Amino acid sequence: DTAVSQTPKYLVTQMGNDKSIKCEQNLGHDTMYWYKQDSKKFLKIMFSYNNKELIINETVPNRFSPKSPDKAHLNLHINSLELGDSAVYFCASSHFGNEQFFGPGTRLTVL
Amino acid sequence: RKEVEQDPGPFNVPEGATVAFNCTYSNSASQSFFWYRQDCRKEPKLLMSVYSSGNEDGRFTAQLNRASQYISLLIRDSKLSDSATYLCVAQLVSGNTPLVFGKGTRLSVIA
Chain E
414 DTAVSQTPKY
424 LVTQMGNDKS
434 IKCEQNLGHD
444 TMYWYKQDSK
454 KFLKIMFSYN
464 NKELIINETV
474 PNRFSPKSPD
484 KAHLNLHINS
494 LELGDSAVYF
504 CASSHFGNEQ
514 FFGPGTRLTV
524 L
Chain H
11 RKEVEQDPGP
21 FNVPEGATVA
31 FNCTYSNSAS
41 QSFFWYRQDC
51 RKEPKLLMSV
61 YSSGNEDGRF
71 TAQLNRASQY
81 ISLLIRDSKL
91 SDSATYLCVA
101 QLVSGNTPLV
111 FGKGTRLSVI
121 A
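Top to bottom, those sequences are chains E and H.
Just so we're aligned: the first sequence equals residues 414 to 524 in my numbering.
Just so we're aligned: the second sequence equals residues 11 to 121 in my numbering.
Treat the hints as calculated values from the structure; they're not laboratory data.
It should be emphasised that the depicted structure is a prediction, and the values quoted were computed from it without experimental measurement.
Fair warning: there could be bad hints in the mix.
[Stated by the list, open to error] No farther apart than 35 Å at their CA atoms in a straight line, the calculated lysine-lysine pairs in the DSBU-like style are these:
| id | chain 1 | residue 1 | chain 2 | residue 2 |
| --- | --- | --- | --- | --- |
| 1 | E | K453 | H | K113 |
| 2 | E | K480 | H | K52 |
| 3 | E | K432 | H | K113 |
| 4 | H | K52 | E | K484 |
| 5 | E | K480 | H | K89 |
| 6 | E | K422 | H | K52 |
| 7 | E | K454 | E | K435 |
| 8 | H | K12 | E | K449 |
| 9 | E | K422 | E | K449 |
| 10 | H | K12 | E | K484 |
| 11 | E | K457 | E | K432 |
| 12 | E | K435 | H | K113 |
| 13 | E | K484 | E | K454 |
| 14 | H | K89 | E | K453 |
| 15 | H | K52 | E | K457 |
| 16 | H | K12 | E | K432 |
| 17 | H | K113 | E | K480 |
| 18 | E | K480 | E | K422 |
| 19 | H | K89 | E | K432 |
| 20 | E | K457 | H | K89 |
| 21 | H | K55 | E | K484 |
| 22 | E | K454 | E | K422 |
| 23 | H | K52 | E | K453 |
| 24 | E | K449 | E | K480 |
| 25 | H | K89 | E | K449 |
| 26 | E | K484 | H | K89 |
| 27 | E | K454 | H | K52 |
| 28 | E | K454 | E | K432 |
| 29 | H | K52 | H | K89 |
| 30 | E | K457 | H | K113 |
| 31 | H | K52 | H | K113 |
| 32 | H | K52 | E | K449 |
| 33 | H | K55 | H | K89 |
| 34 | E | K435 | H | K12 |
| 35 | H | K12 | E | K480 |
| 36 | E | K457 | H | K12 |
| 37 | E | K435 | H | K52 |
| 38 | E | K432 | H | K52 |
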């Protein structure tokens, strides 16, 4: 069974569209994260959620909004997509003091 | 200045070689440190944690020097399967806080 799963794996869309990426973890972890890996392979935190509360929000545009319906899910919704949003988005989860497990990534291409 | 800096490489080494990666971090308040491994088009996976006393896991040895804010990874007897990108990671507070990644050092082990 996959510990952290993301859908879709690939997403190709036009500028200006709105899209969502879903993330689910079956590890019973209480904190989930979204990271962005850009074309230069630099991996950077976007959001983290602990017990359904946003605890860190880095300087990302407000077009990006995380949504957590429950502890096992943290979805990422993106409005008005721009070319610069093209990247690989990784979801991760952890339980206090332990390793962060990453999902397989969603490769977003904005045309 | 990047929070975590690494030599991007690539390091091209023959099988059986010993290779060392170095990393520096700028935030002296960082508490926890890790090396992650990322294979091409895959998610990052924890290779090992890094402690001040140094730690070893098989052919891999990690060292932390808090005074110099310097982290290292030594790989002995390189295998073809070690080919990957190695990410140096710092964490501000131990526990459920985001990871701060370096850009990674690419290693290619050649037969």
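Outcome of the hint check:
The straight-line distance between the Cα atoms of E/K453 and H/K113 is roughly 8 Å, inside the 35 Å bound, and the hint therefore holds. A threshold of 35 Å between alpha carbons decides the hint, and for E/K480 with H/K52 the separation of about 24 Å falls inside it, so the pair holds. For the proposed pair E/K432 and H/K113, the alpha carbon gap of about 27 Å is at most 35 Å, so the pair holds. Pair hint H/K52 plus E/K484 holds up; C-alpha atoms about 25 Å apart against a cutoff of 35 Å.
Between the alpha carbons of E/K480 and H/K89 the distance comes to roughly 42 Å, so the proposed pair goes past 35 Å and is violated. Proposed proximity of E/K422 and H/K52 is supported: the alpha carbons are some 11 Å apart, at most 35 Å. A threshold of 35 Å between alpha carbons decides the hint, and for E/K454 with E/K435 the separation of about 22 Å falls inside it, so the pair holds. Among the hinted pairs, H/K12 with E/K449 is consistent with the structure: their alpha-carbon atoms are about 16 Å apart, no more than 35 Å.
Simply put, E/K422 and E/K449 have alpha-carbon atoms about 14 Å apart, close enough for the 35 Å limit, and the pair holds. For the suggested pair H/K12 and E/K484, the alpha carbons sit about 32 Å apart, so the restraint of at most 35 Å is met. This hinted pair checks out: E/K457 and E/K432 have alpha carbons roughly 20 Å apart, not beyond 35 Å. For the suggested pair E/K435 and H/K113, the alpha carbons sit about 26 Å apart, so the restraint of at most 35 Å is met.
Between E/K484 and E/K454 the alpha-carbon distance is near 29 Å, which keeps this suggested pair within the 35 Å criterion. Proposed proximity of H/K89 and E/K453 is supported: the alpha carbons are some 26 Å apart, at most 35 Å. Straight-line distance between C-alpha atoms of H/K52 and E/K457 comes to about 16 Å, which keeps the hinted pair within the 35 Å bound. Between H/K12 and E/K432 the CA atoms are separated by roughly 31 Å; this keeps the pair inside 35 Å, and the hint holds.
A hinted pair counts as satisfied when its Cα atoms are at most 35 Å apart, and H/K113 with E/K480 qualifies at roughly 28 Å. Restraint check: the Cα-Cα separation between E/K480 and E/K422 comes to about 19 Å, which is no more than 35 Å; the hinted pair holds. Under the criterion of a C-alpha separation no larger than 35 Å, the hint pairing H/K89 with E/K432 is inconsistent with the structure, at around 41 Å. In summary, the hint linking E/K457 to H/K89 is supported, as the alpha carbons are separated by about 29 Å, within the 35 Å threshold.
Of the supplied pair hints, the one linking H/K55 and E/K484 holds, its CA atoms being roughly 22 Å apart against a limit of 35 Å. Of the supplied pair hints, the one linking E/K454 and E/K422 holds, its CA atoms being roughly 17 Å apart against a limit of 35 Å. The suggested pairing of H/K52 with E/K453 holds, with an alpha-carbon distance near 15 Å, which does not exceed 35 Å. A hinted pair counts as satisfied when its Cα atoms are at most 35 Å apart, and E/K449 with E/K480 qualifies at roughly 16 Å.
Of the pairs offered as hints, the one joining H/K89 and E/K449 holds, with about 30 Å between alpha carbons and a cut-off of 35 Å not exceeded. Restraint check for E/K484 and H/K89: not satisfied, since their Cα atoms lie roughly 40 Å apart, outside the 35 Å limit. For the given pair, E/K454 sits about 12 Å from H/K52 by alpha-carbon distance, which is consistent with the 35 Å threshold. For the hint pairing E/K454 with E/K432, the CA-to-CA distance comes to about 22 Å; that is within 35 Å, so the pair holds.
A distance of roughly 19 Å separates the Cα atoms of H/K52 and H/K89; the hinted pair therefore holds under the 35 Å criterion. This hinted pair checks out: E/K457 and H/K113 have alpha carbons roughly 10 Å apart, not beyond 35 Å. Between H/K52 and H/K113 the alpha-carbon distance is near 15 Å, which keeps this suggested pair within the 35 Å criterion. Between H/K52 and E/K449 the alpha-carbon distance is near 13 Å, which keeps this suggested pair within the 35 Å criterion.
For the hint linking H/K55 to H/K89, the alpha-carbon distance of about 18 Å falls within 35 Å, and the restraint holds. Between E/K435 and H/K12, the direct Cα distance comes to roughly 30 Å. Compliance with the 35 Å bound is thereby established for this hinted pair. Restraint check for H/K12 and E/K480: satisfied, since their Cα atoms lie roughly 29 Å apart, inside the 35 Å limit. Between E/K457 and H/K12 the alpha-carbon distance is near 11 Å, which keeps this suggested pair within the 35 Å criterion.
Restraint check: the Cα-Cα separation between E/K435 and H/K52 comes to about 17 Å, which is no more than 35 Å; the hinted pair holds. Restraint check for E/K432 and H/K52: satisfied, since their Cα atoms lie roughly 22 Å apart, inside the 35 Å limit.
When the structure is compared with the earlier hints, violations turn up for hints 5, 19 and 26 and for no others.
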